[in-house]
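Novice: Residues per chain, in single letters:
There are 4 protein chains.
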Amino acid sequence: MRVALIYHTPEPERAVAMSARLCYSPVGAEQLAEKMSDEQVRNLIKKIVDMGHSSTLEHASFTFAVEGVSRVLTHQLVRHRIASYSQQSQRYVSEHDFEYILPPTVAANAVAKEKFEALMDNIRATYDELVGLGVHKEDARYCLANATETKIVVTMNARALLNFFSLRCCTRAQWEIRKMAELMLAEVRKAAPLLFEKAGPTCVTSGYCNEGELTCGRLEKMKK
Amino acid sequence: MRVALIYHTPEPERAVAMSARLCYSPVGAEQLAEKMSDEQVRNLIKKIVDMGHSSTLEHASFTFAVEGVSRVLTHQLVRHRIASYSQQSQRYVSEHDFEYILPPTVAANAVAKEKFEALMDNIRATYDELVGLGVHKEDARYCLANATETKIVVTMNARALLNFFSLRCCTRAQWEIRKMAELMLAEVRKAAPLLFEKAGPTCVTSGYCNEGELTCGRLEKMKK
Amino acid sequence: MRVALIYHTPEPERAVAMSARLCYSPVGAEQLAEKMSDEQVRNLIKKIVDMGHSSTLEHASFTFAVEGVSRVLTHQLVRHRIASYSQQSQRYVSEHDFEYILPPTVAANAVAKEKFEALMDNIRATYDELVGLGVHKEDARYCLANATETKIVVTMNARALLNFFSLRCCTRAQWEIRKMAELMLAEVRKAAPLLFEKAGPTCVTSGYCNEGELTCGRLEKMKK
Amino acid sequence: MRVALIYHTPEPERAVAMSARLCYSPVGAEQLAEKMSDEQVRNLIKKIVDMGHSSTLEHASFTFAVEGVSRVLTHQLVRHRIASYSQQSQRYVSEHDFEYILPPTVAANAVAKEKFEALMDNIRATYDELVGLGVHKEDARYCLANATETKIVVTMNARALLNFFSLRCCTRAQWEIRKMAELMLAEVRKAAPLLFEKAGPTCVTSGYCNEGELTCGRLEKMKK
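Protein chains in written order, with the UniProt record's numbering: chain A, 1 to 224; chain B, 1 to 224; chain C, 1 to 224; chain D, 1 to 224.
Think of the hints as simulated: they come from the structure by calculation, not from any bench. Mixed in with the good hints there might be a few duds.
All copies of an identical chain are treated as equivalent in the list; a pair is satisfied when it fits inside any one copy or across any two copies.
[Unchecked claim] Once the Cα atoms are required to be at most 27 Å apart in a straight line, the calculated BS3-like pairs of lysine-lysine come out as:
(1) 190 x 179
(2) 198 x 137
(3) 137 x 179
(4) 113 x 223
(5) 137 x 224
(6) 137 x 47
(7) 35 x 113
(8) 113 x 224
(9) 35 x 223
(10) 47 x 223
(11) 46 x 113
(12) 113 x 190
(13) 224 x 190
(14) 113 x 47
(15) 221 x 35
(16) 35 x 224
(17) 137 x 223
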C-alpha cells in the first residue's frame with residue numbers, strides 16, 4: 001500500500017485560523033491572513049480543534065494518491081460522501097496483469113495462502129479467456145476478485161478527514177482501510193501538525209466509545 | 001434484479017408544488033399544501049420540471065429496496081453522493097450460498113459461460129475452505145468476485161433521481177446500472193407521474209449529448 | 001412562530017430498522033420491511049440510536065412548514081447544508097405588509113421596545129416610498145430589517161435532524177433558532193418517538209459539552 | 001466590493017488532469033502528476049471541460065476572501081451547499097460602525113437615495129440605543145438592515161464553481177451576487193485559465209437558457 005499527499009491548500013493552518021478569526025473580528029479575511037503571527041495561528045488552531053468549531057476546518061483541503069489497495073477497501077472508502085474520488089476504471093483499463101491484496105490472516109496460514117493464490121491464478125486465466133473470446137473488459141471484470149488491486153485519488157477537507165480518522169483509525173475498523181487511514185494521518189500531520197495532532201479514534205480524541213459490546217477495550221484500559 | 005419502491009414522501013407532487021409556490025406567495029406553506037387544487041399542482045409541477053427550479057424537487061424523497069445486483073453495480077451506485085445507502089455486509093453475512101450476476105455477453109457465449117460458471121464454483125469452494133481454516137468472513141470475502149449478488153436500500157430525493165436518470169439511463173451507461181435505473185424510473189413514475197414524465201438521458205430530456213466521439217448516435221437520429 | 005410537520009416518510013422507524021437489519025441479514029429489504037414485528041423494530045431503533053449506526057437514519061425524511069420567524073433565523077438555518085429549503089422570496093413577494101420578530105429582551109424593556117417599533121414603522125414607510133419611486137422589490141428589500149418575518153419549508157432526514165437538535169437545542173444556541181428546534185423536536189417525536197426520544201443537546205444525549213468557557217453549566221449540574 | 005482569491009490547490013489544472021488520467025491508465029496518480037507534460041495537461045483539461053467529466057474537477061479547491069457585500073448577498077450565497085463558509089458574526093462583532101450596500105437603482109434616484117440614507121442613520125442610532133439600554137448585540141442586530149455590510153470566506157471546488165458561475169453570471173441573477181460571481185471568475189481565471197476559460201451562464205457555455213419567459217434574450221441574439 002502506498003499513500004502520498006500530493007496536493008494541499010498552502011498554509012492549511014493559517015487558512016483555517018484566518019477563517020475562524022474572521023467570524024469574531026471587524027477586520028477582513030485577507031488582512032487577517034497576512035497579519036496573524038505564527039503564534040496566533042497556533043493558539044487559535046488549538047482552540048478550534050478543542051472546541052469543535054469545525055466548519056472553519058473545511059477551508060483546508062488535502063489530495064492523496066493511493067495505490068496498492070483492494071476494491072474491498074475502495075467500496076468502503078467511497079461511502080464517505082463529503083469527499084472527491086477518481087478511481088482507476090475496470091471498464092477501460094485491462095486487468096490482464098492485475099495484482100491483488102492478500103489479507104494478513106490468509107498469508108499467515110500456508111494452506112489458506114496456497115488456496116487463495118491458486119484461485120487468483122484461475123481468475124487471471126479466466127479473465128484472459130473471456131477477453132480472448134471477445135467479451136469486453138467491462139463484462140470480463142465481473143469475474144475479478146474483491147482483492148484486485150486498484151488506484152484512487154482522494155480529496156477531503158480537514159473536517160471530513162478528522163471524521164474519517166475517528167471512524168477508520170478505530171481498532172474495530174476493517175484492517176485494510178485502517179492501515180490506509182493511519183498512513184493518511186501520518187501524511188497530513190507533516191503538512192498541518194496542529195490540525196491533526198489529536199486526530200484518531202474517539203476513545204483517544206474524546207474519551208468515548210460507540211462500539212457497545214464490540215468495543216476493543218482500549219477505552220477501559222486508558223481509564224485505569 | 002428486483003427493484004421495489006418501498007417508501008416515499010406522501011403526495012410527492014403536492015409537496016414539491018407547495019414548496020415552489022411558497023417562494024412566490026405571501027401565504028404560508030401549510031395553507032398552500034391544503035388549498036392548492038390538483039390542477040394547480042399539475043400545472044406547477046410541469047413548470048418546475050421545464051424551467052429547472054430543481055431545489056424544490058428535493059422535498060420529495062424515495063426509498064428503494066434493490067436485490068439481485070452485483071458489486072460491480074453497487075460500487076458505481078454509491079459514487080452518487082447525494083443519496084443514502086444501507087448495504088448487505090460481506091463482513092457480517094456469510095457468502096457460503098452466494099448467488100452471482102452473469103453478464104449477458106458472457107451468457108450468450110457457451111464457452112465463456114462455462115468458464116465463468118466453473119470459476120464461480122471454484123470461488124465458492126475456496127471461500128468455504130478459507131472459512132473452514134478459521135479465516136474470518138471479513139477476510140475470506142477478498143476472494144469473492146465482483147459478480148457476487150448483493151442487496152441494498154437506496155434513498156434519493158427527486159432532484160437527485162432526475163440527475164441519476166440523466167446519467168444512468170443513457171445507452172452509454174454500464175448495462176447493469178442502466179437496467180436498475182430504468183426499473184427505478186418505472187417505479188417512481190407510478191408514484192409521481194408528472195415529476196418523472198420527462199426523466200431520462202439528456203438527449204431525450206434536453207436535446208444534448210455529452211458523450212463526444214463515444215455518442216450512441218441517438219440524438220443524431222432524433223434530429224432527423 | 002409556527003412549526004408544522006407537513007410530510008414525512010411513512011413508518012419512519014420501520015424504514016430505518018429495516019435498512020439497518022439488511023446490513024446484517026441474508027434476507028432482502030422488502031421482506032424485512034414486511035416481516036419485522038413492532039417489537040423488533042423498537043428494539044433495533046434503540047440499538048441504532050445508542051450505538052450511533054447513524055447512516056441508516058437517513059432513510060427517514062421529514063418536511064416542516066415554518067412561519068413567523070426572522071431572517072436572522074433563516075440565515076443561520078440554511079447554513080445546515082444536509083437539508084433542503086424553499087423560502088419566501090423578498091425579490092418576488094412584496095413586503096409592504098411585513099410583520100417582524102421582536103426579540104424578548106427588547107420586548108421586556110419599554111424604551112427599547114418603543115424605539116424598535118418606531119424604527120420598524122420608519123422602515124415600512126421607506127420601503128413603500130422606494131417602491132413608489134419605481135425601485136424594484138429586489139432592491140427595495142435592502143432597507144428591510146433582519147427582524148422581518150419570513151416563511152420557509154425545510155426537509156431534513158433523521159440523521160441531520162439529530163445533529164441539528166444537538167447544536168440548536170443547546171442553551172448556548174441563539175434563542176430564536178432554539179425555539180424553532182424545540183418545536184421541530186416536539187413534532188417529530190409524535191411521528192417517530194423512539195428515533196427522537198434521546199434527541200437534544202450533547203450534554204443530555206452524550207454527557208459532554210463543547211462550549212468550553214462559554215458552557216451554561218448544565219452538564220456540571222447534571223453530574224451532581 | 002472586494003473579492004480576493006487567497007488560497008487554492010497548487011497547480012489546479014495538473015491536479016485535475018492527473019486525476020482524470022488515472023481513471024483510464026494502468027499507471028498510478030503520483031507518477032502521472034510528475035510525468036505529464038504541460039501540453040498533455042492542457043489537452044486533457046479541454047477534453048474534461050468539453051465532455052463534462054466533472055467529478056475530476058473537484059480535486060481543485062479555491063478559497064476567497066469577500067468584503068463589502070450585503071447580507072442580501074450572503075443569504076443567497078450560503079444556499080449553495082457544496083461549499084464552505086466562515087462569515088463575520090453579528091452576534092459577536094459590534095455593528096456600531098456598520099457600512100452598507102446602496103443598490104445602484106437607489107443611488108441613481110436622488111430622492112430614493114436620501115430616504116435610504118436617512119433610514120440607515122436611524123437604524124444606526126436605534127442599534128446604539130438598544131445596546132446602550134443593555135440589549136445584547138445578538139438581539140440588537142434584529143434592527144439591522146439587509147443592506148448591512150458583511151465579510152465572508154468562501155471555499156468551493158472547481159466543479160461547484162462552474163455550477164455557481166452558470167447560475168450567478170446569468171443576467172437574470174440578482175445584480176450584487178452576479179457582480180461577485182464575475183469578480184470570482186476573473187480571479188480563478190488567473191489561477192486556472194483553461195479550467196475556467198468557458199465558464200459563465202448556460203447560454204454562453206452550453207447554448208441553452210432555462211429562464212423561460214423571463215429570458216434576457218441573449219441566447220436569441222447569439223443565434224443570429
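Novice: Output the numbers, in ascending order, of every earlier hint that fails for this structure.
Specialist: 2, 4, 5, 7, 8, 9, 11, 12, 13, 14, 15, 16 and 17
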